[in-house]
Each structure stands twice: as C-alpha cells, then as structure tokens.
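There are 2 protein chains.
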Amino acid sequence: MKQAVLGVDIGGTGIKFGIVDRDGNILITDKVKTKGYPDPEKLPGDLFKWSATECEKLSIELVGVGIGSPNGNYFTGTVDYPPNLPWKGITPLEEYFKKQFNLPAALTNDAKAAALGEMFFGAAKGCLNYLFITLGTGLGAGIIVNGNLVYGHDSMAGEVGHVIVVRNGRQCPCGRQGCLEQYVSAPGIVKKYYGILRRKNLEKFRTSLGSMIDSATICELALEKDEIALEAYKKTSDILGLALANSVCYTRPEKIFLFGGLAQSGDLIFEPTKESFEKYLMPIYKNKISILPSGLKESEAAILGSASLIWKELEK
Amino acid sequence: MKQAVLGVDIGGTGIKFGIVDRDGNILITDKVKTKGYPDPEKLPGDLFKWSATECEKLSIELVGVGIGSPNGNYFTGTVDYPPNLPWKGITPLEEYFKKQFNLPAALTNDAKAAALGEMFFGAAKGCLNYLFITLGTGLGAGIIVNGNLVYGHDSMAGEVGHVIVVRNGRQCPCGRQGCLEQYVSAPGIVKKYYGILRRKNLEKFRTSLGSMIDSATICELALEKDEIALEAYKKTSDILGLALANSVCYTRPEKIFLFGGLAQSGDLIFEPTKESFEKYLMPIYKNKISILPSGLKESEAAILGSASLIWKELEK
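Residue numbers (the working numbering), protein chains in the order written: chain Y, 1 to 316; chain P, 1 to 316.
Be aware that one or more of the hints could be misleading.
Intra- or inter-copy, both count: the list cannot distinguish identical chains.
[Unchecked claim] Within a straight-line C-alpha distance of at most 25 Å, the following computed SDA-like cross-link-like pairs (lysine to any residue) qualify:
1. Lys-279 / Asp-80
2. Lys-279 / Pro-82
3. Lys-316 / Asn-146
4. Lys-225 / Thr-207
5. Lys-274 / Thr-217
6. Lys-286 / Gln-171
7. Lys-274 / Val-166
8. Lys-235 / Asp-214
9. Lys-35 / Ala-52
10. Lys-234 / Lys-279
11. Lys-316 / Leu-128
Think of the hints as simulated: they come from the structure by calculation, not from any bench.
In isolation and in its complexed conformation, chain Y is listed as follows (with noise of 0.2 Å):
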C-alpha cells in the first residue's frame, strides 16, 4: 500500500490538511475554521476520521502527522502562545495528534515547515545549505546547515525577521525597534511607499489616507511605472538585499529562496535586492550565491512543509 502523511497548517483564520505522498502529491485536502476549535483537543479526532475515510478510499497507508503552526516548537511539539490563534498558553499539540493517530508526528513553526517543504519538493532539492525567507505580514525565516534545519537551542532559531537593522527605527509589536520585518514586508513596503509619497506629493498623501493601499496595489502601480511605488521597491530591496548580505556571514548558504506575497512581485523585488546584495556581501562571498524564486506554490506550501516534517523524520 501506498504510503503517505498528513500535513496541517494551523493558521489565524483556517486550518488546512491535506494528504501528501513522498513525490509532494496533495492527494486530497480540505479546511477547517480555527474558531470552531476554541479546545484544540477536538481537532485531532475530526481529522482522523478525515483521513481514516480518505485513506481508504484512496488506498493509502498513513505514516506520520507534520503540522506546522504559528508559534509551534518543535522540541516540545507545542504551540507557544500564539498571538492571533484561539488558545492560550501552551498547547501540546503533537501529543493530541500523536495519541489520536498513534503514529508518528512533529511539529514546528510554519516557516521553518515551509523551509523543509522546499527541501523535499521544492527548488532546494539536493541543496544541504540554504536559507528560505517568506514575505508577507511579516518576514520568517528557515535556516538550513548541512541539510538539517536549524533549531538551535529551544527551536527558536531562524527569527531573522527580528534582526535590528534600524537602531530606533520603527516600533515592531515584539516591543523594540527597527526589526527588519518593519521594513520587509508586505506591511513594510506599504509604510515605505506612504513615506515617499508624503514627501513628494503631500497632496495625494492626504487625499490617499482615507482608502490606502496594499502591497499588491503598490506592485501594480510598479508594474505601471508609477515612480513612488517602484521606489518603495527599490528602498525595501536595499534594505533586504543587505539584511541577506550579513545573513551569509553566519551559516554561508549556497542558495537563498524568497517565498511568499512580496516575492511574488518577481523582478520588481528580484533584481533591486540581488543588486543591493552583491553590494554590501564580503568579497568572498560575492557572485557565489543564488537569489531565487521559492518553488512551492503559495497554496500548497504550508501542507507539504508540514508534511515534510515527517519525511525528514523517516529518513533518519
């Protein structure tokens, strides 16, 4: 019989499951809203159930539970005070799972599950040292060594989002300043194209406040010209492209990978942050790396990260 994983992807608003084969198939999958857990000790139960059903009809023998969550640990299998999910504290989410399904299962935060996702189905393949970046609300990390993904001591390695790069720069909720996830992201680029915008047309920046825009709007406007916006692009790829010039001096990856909204403005992004990049790396180091695309697709990147979690646990 044909094996294959659950992965579940814990989120603000949904949870997604899906059941993915070893090749990075998502034979089937389906979601659920968050807020119908308040007890995330009834989510496990529903979705055993899911999958006994669909693994029968499918033919499938399930091997393993990877789920990725906002906030997960993987050395504790926890989710740790989560800042935008129902429960409270600490919830041993692994051990739910784990007992429900009796089978192996791991759990780790959604970056970090992404990281490996692009690992096992992804444009990382046969890549042992990397670092995956995700770009959206805000800026996450998964830093691969050797072909493992670092944890470090408590599996909270990989917070690059949180690196200062402005010192008393713009307030970031983690309670202090100039975290790089202020300026990389889709919020980050949103606030740096109001910030060119008021200071070279004050009149549009007025009469803009009532209905703002977002990233993709700015991306639009880009893709249009629109010199503010292209801009804001180039002032975010600055920053990024030097943020991931120190990154290098730490673990010295082969490839770097951006995933997620913003890197979907492809070359906008793209080219401005390899440039900046090549600039500010060490000698050593330049024209050594590749800037590139995440191969997952959005939609499917938090499943199959979370499935790989499994996959990596197998292979040991």
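Once you have looked at the hints, place chain P on chain Y.
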C-alpha cells in the same frame, strides 16, 4: 599505549605545535618561525621528526594531525590566499600532513578550531548550541549548532566580524564599510578611544598622537577610572551587545563565549556588553542566554583547538 594528537597552529610570525591527549593536556609543545618555511611542503617533514622523537619519549601513539590556520578551509584542507603568511595562492597543507604522517589530518581556520577547542577542553563541554567569538586584531567566530561547527557551503561560514553594522561606516580591509570588527576588536576600541578623546580633549588628542596607545593601555586606563577609556569600553560593548543580540536570531545559541585580548578586560567588557545584549534582545530570548569568558587559556587555545579537530573526527 596512550593516544594523542598533534595540534598545529599556523600564525603570521610563528608556527606552534603540541601533542595533546584526549583530556586536553598539552604533553609537550614547541614552535618554529613561519618565515623559516617559505615552502610549506617542508613543514610536515620537520614536525614529523619532532613528533616521532617526542612520542617515543612519552610512549604516545599519535592518531592524527589537526591544523588551525588563517584562511584555512575545512572542506578542501587548503590554506587559501592568506594575506599574513608567506604562502601564495592555495596551499594543500592537509594533504602534505596526511602524506607525511600517514594519519588522519584536518584543517580549518583558527577561530573555528578554537571554537571546537572550547567544546572539548573549555567551558562549552556538553553545550550543543553556542557562539564562540574571538576579539583580537579582528573579530573571528565559530558557530556551533547541534554539537557541530557550522561550515556552510564552502567552509566560509562564521564571518561574524564582517557583518555590516554601520552603513557607510569605517573602512574595512575587506573592501566594504562598517564591518563589525572595525568597531569590536583591539584596533576598534583604540579608534573609539581616540575619537572620544578628540571630541572631549582636543589638546591631549593632538599631543598623544605621537605615541599612540594600544588596547591593553586603554584597559589599564579604564581600570584607573579614566573617563574616556571607560566610554570607549561602553561604546564598543554597546555595538557588540547589539551584534550578539542580532546573532541570536539566526542560530539561537544557549551560550556565547568571548575569547581573546579584549575579552580579558573582564567586567569592563562583559558588564556593558551584557547590558546592551539584554536591551537589544528579542523578548523570547531575554534572560536565557549567558555571555561567558572562554574557558581556554590564551596561550593554549590555538593548539587545543587544532587538536580537537581530530578528536571531533574520531567521534564520528
């Protein structure tokens, strides 16, 4: 027969070497002048004769040769374009030693070797995730993740001294501006001292330029409560604390070890660095990571580090 390793430390002026047992005892040590070896291929022969004689006297079975060298590459076993050694181009030093000794040999750069020495013979015993920082004429680093040195794609990981911390900052010999080691190193604190002196006491600044003081003298002045020296320590530590706080975001070490000249200033550097570190640290990391002095003696670290390369290989 008791087993031991030959540890070799290549330096710009001298080459030190010693026979090291598994407990970190340097049973015998000696040195030669680097300029005596314009042809590096001659070095292994001389060290072989020396080792053979000494090992016989000590009843030691030699099991390998570990080499720490500036610009040493662990993957290729070569010393690549070292600016401060008489060897041009790429020198396959590991291969020379392997052939001569007919034993396992391993080579890496000096900071990485010392970082490994900390694990085997210093204060990092049993610690799986740490950052080792040497503060000397530059800032070198060894990053340990899950019990292993991070080499990255080409052995050039861990160049933390070349993280850009000040945009358009001090010129670095690497060709860029604002590298961490331009601020946090022995020459870095000297520059800071003179910068403050110039601002606060222009007359003294002018007269002092004839006989510039070094970082050791700044340490003495600070111990005598000299205001300018104390401020130089505080400013240098502030930059180091922020850099270390940012470093934590990548690999989340359990501990950070400081080694080398500046680290020997004790509380003068540790206290303000810890203060700055905690101030800039992401809340999830606060009060969890200790900054400690290296447990290696300055005079022994290089040989112990080089030797530990082989003990590490033999563990596999």
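Evaluated hints:
no.	hint	in the structure
1	Lys-279 / Asp-80	between (39 Å within a copy, 23 Å between copies)
2	Lys-279 / Pro-82	between (38 Å within a copy, 23 Å between copies)
3	Lys-316 / Asn-146	both (14 Å within a copy, 15 Å between copies)
4	Lys-225 / Thr-207	within (21 Å within a copy, 58 Å between copies)
5	Lys-274 / Thr-217	within (23 Å within a copy, 44 Å between copies)
6	Lys-286 / Gln-171	between (33 Å within a copy, 18 Å between copies)
7	Lys-274 / Val-166	both (20 Å within a copy, 20 Å between copies)
8	Lys-235 / Asp-214	within (17 Å within a copy, 40 Å between copies)
9	Lys-35 / Ala-52	within (24 Å within a copy, 73 Å between copies)
10	Lys-234 / Lys-279	within (14 Å within a copy, 31 Å between copies)
11	Lys-316 / Leu-128	both (16 Å within a copy, 19 Å between copies)
In this structure, every one of the numbered hints holds.
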